[in-house]
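J.: Now for the letters of each chain:
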Amino acid sequence: MAGIKFTSNFVGNIEKQGITFDDKTGDIPISRSFKHKGNNPFLRQVLFAILLGVACAMPVMAAQIQLPAIVEPASQEHHVGKLIFVELVTPDIAVAKKFYAGLFGWTFRDIQAGGTKYAEAFLDGRPVAGLIHKDVPASEHRQPAWLSFFAVGDVDAVKKVALQKGAKMLFEPHTIPDRGREAVFADPQGAVFAVLASSNGDPPDVLAAPGEWIWISLITSDPETNAAFYQTLFDYEVFELPASEGAQHLLLASDNYARASVNTLPANRPNAHPHWLNYVRVEDTVKMTAKVVALGGRVLVEPRIDRHGGKVAVVADPFGAPFGLLEWPDTESKEVPK
Amino acid sequence: MNILILRWLRWLALAFVLCTLTALLSGCILPPGGGYGYDDGGGYGAAYYEPFGFDYGGWGHGYQVAPFRGGDHRSTGGGGHASGRAYRSTPASHSMPSIPSRSRSGGSRSH
Numbered sequence: 001m002a003g004i005k006f007t008s009n010f011v012g013n014i015e016k017q018g019i020t021f022d023d024k025t026g027d028i029p030i031s032r033s034f035k036h037k038g039n040n041p042f043l044r045q046v047l048f049a050i051l052l053g054v055a056c057a058m059p060v061m062a063a064q065i066q067l068p069a070i071v072e073p074a075s076q077e078h079h080v081g082k083l084i085f086v087e088l089v090t091p092d093i094a095v096a097k098k099f100y101a102g103l104f105g106w107t108f109r110d111i112q113a114g115g116t117k118y119a120e121a122f123l124d125g126r127p128v129a130g131l132i133h134k135d136v137p138a139s140e141h142r143q144p145a146w147l148s149f150f151a152v153g154d155v156d157a158v159k160k161v162a163l164q165k166g167a168k169m170l171f172e173p174h175t176i177p178d179r180g181r182e183a184v185f186a187d188p189q190g191a192v193f194a195v196l197a198s199s200n201g202d203p204p205d206v207l208a209a210p211g212e213w214i215w216i217s218l219i220t221s222d223p224e225t226n227a228a229f230y231q232t233l234f235d236y237e238v239f240e241l242p243a244s245e246g247a248q249h250l251l252l253a254s255d256n257y258a259r260a261s262v263n264t265l266p267a268n269r270p271n272a273h274p275h276w277l278n279y280v281r282v283e284d285t286v287k288m289t290a291k292v293v294a295l296g297g298r299v300l301v302e303p304r305i306d307r308h309g310g311k312v313a314v315v316a317d318p319f320g321a322p323f324g325l326l327e328w329p330d331t332e333s334k335e336v337p338k
Numbered sequence: 001m002n003i004l005i006l007r008w009l010r011w012l013a014l015a016f017v018l019c020t021l022t023a024l025l026s027g028c029i030l031p032p033g034g035g036y037g038y039d040d041g042g043g044y045g046a047a048y049y050e051p052f053g054f055d056y057g058g059w060g061h062g063y064q065v066a067p068f069r070g071g072d073h074r075s076t077g078g079g080g081h082a083s084g085r086a087y088r089s090t091p092a093s094h095s096m097p098s099i100p101s102r103s104r105s106g107g108s109r110s111h
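Respectively, the protein sequence lines represent chains A and B. Residue 96 in this note's numbering sits at position 96 of the first sequence; the count goes up by one each step and never skips. Residue 3 in this note's numbering sits at position 3 of the second sequence; the count goes up by one each step and never skips.
Hints in this document: simulated from the structure, not taken from any laboratory. No experiment lies behind these values; they were computed from the predicted model shown. Where a beta carbon is used, it is the ideal one built from N, C-alpha and C, also for glycine. Don't take each hint at face value.
Ranges between beta-carbon positions, derived for each pair [what the hints assert, rightly or not]: (1) Ala101(A) / Arg10(B): 48 to 56 Å; (2) Gly62(B) / Asp284(A): 18 to 26 Å; (3) Arg102(B) / Ser244(A): 27 to 35 Å; (4) His141(A) / Arg7(B): 48 to 56 Å; (5) Phe16(B) / Gly246(A): 57 to 65 Å; (6) Arg102(B) / Val161(A): 29 to 37 Å; (7) Ile5(B) / Ala157(A): 49 to 57 Å; (8) Leu12(B) / Gly296(A): 34 to 42 Å; (9) Pro270(A) / His61(B): 35 to 43 Å; (10) Gln66(A) / Ile5(B): 34 to 42 Å.
Pulled out of the complex, with its shape left as it was, chain A reads as follows:
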């Protein structure tokens, strides 16, 4: 072993601290490596180790992710239970950006923090979504998804109630500078959702523009139990809607606005699992589904007339993350479901 070569300055400084070196070998003799000058060498070691430990941890702490606010400029609005943001995890952020830019005209701003590649998506200068790069877990049968964030006032209080009511904690409450405090759960039926107490307030209750998120539905094995769960969390009003035989359709509302629907998972899909599905407002669902395919995505549910008189469709991006397309005409004219 070559040994450690100490410079004369270093040796001098060390010797000032009471450590002497063997003149011939440059080693510190075991028997007199530390000469006591009123200090406890063990304490010095501990102090040194603490300093070293803190120094090592600083870069890790400094790399904590910092994400922009979801509302710019800050609003004074708070709408508990409202879908206020969505995030996509994807294995190739460049391909995802190209797809969503081509489909909805979103633009992106890249953010690199904490070892995570993150792109914030905008429509007409307003934040609409976040895209997160993450490699697909090896040997795991998983697929990308859009994660829905619901507005809350107190994330930790929601955590307490959610866990009491059978939810599973997936990501503990944590504060992200500028963004707010958030947490991720799986509800008692397994659908994944997030809550966010936004630092800058919530987006205003206005009609979504084409290319913005307009609606969300929970497709679940037990609509009643799920509705009760989310009612406890967000104090929703629950309305019952007509549904086909063997199915349930509930509507969740807050602030006198419809916020989400709850639907029964189709019985003939035994492999489907409960999940939240987010819808983007479009002007022409048929044209947009064709565009999805042209951009490398897939159509999962062909365009069909829904109860509001417009068409809906479900599509997936090139990596399989599903989302809905929903027409919401500006005019009051509507077609009748057949």
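Based on these hints, arrange chain B on the given structure of chain A.
T.: Using the frame of chain A, we list chain B on its own:
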């Protein structure tokens, strides 16, 4: 000399433990996500992959997901607290709301 290296290694080991503890306490190392593909260390914890199971189709006739437009379209028989549901039903006197209709630039609010 070997003893000196051992001493340094001991310091480094202690420093490593302290470093890990500090990072854990600062919340930078995140707990695993219960099988949902959540980060188990270092990254942004909200990044996740869901288990496969987005099995669409089977949306037969009458399977509807969208909100109503305009006024009250309450189904008959809904509402009230005596329905035996797991949730609290909204009283029948409450009209069913729609999504916000006010445009970003202003305008009227209708439910």
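J.: Next step is simple, just say for each hint if it's right about the structure.
T.: Comparing the hints with the structure gives:
1. Ala101(A) / Arg10(B): 48 to 56 Å: Since Ala101(A) and Arg10(B) have Cβ atoms about 55 Å apart, the given range 48 to 56 Å holds.
2. Gly62(B) / Asp284(A): 18 to 26 Å: With a Cβ separation near 24 Å, Gly62(B) and Asp284(A) satisfy 18 to 26 Å, so the hint holds.
3. Arg102(B) / Ser244(A): 27 to 35 Å: At roughly 33 Å between Cβ atoms, Ser244(A) and Arg102(B) fall inside 27 to 35 Å, so the hint holds.
4. His141(A) / Arg7(B): 48 to 56 Å: Holds, since His141(A) and Arg7(B) (Cβ atoms, about 49 Å apart) stay within the stated range.
5. Phe16(B) / Gly246(A): 57 to 65 Å: holds (59 Å)
6. Arg102(B) / Val161(A): 29 to 37 Å: holds (31 Å)
7. Ile5(B) / Ala157(A): 49 to 57 Å: Since the Cβ atoms of Ile5(B) and Ala157(A) sit about 53 Å apart, the hinted range of 49 to 57 Å holds.
8. Leu12(B) / Gly296(A): 34 to 42 Å: This hint is violated: roughly 49 Å between Cβ atoms.
9. Pro270(A) / His61(B): 35 to 43 Å: violated (21 Å)
10. Gln66(A) / Ile5(B): 34 to 42 Å: Taking Cβ atoms as reference, Gln66(A) and Ile5(B) lie about 40 Å apart, which means the hint holds.
Comparing the model with each earlier hint shows violations of hints 8, 9; every other hint is respected.
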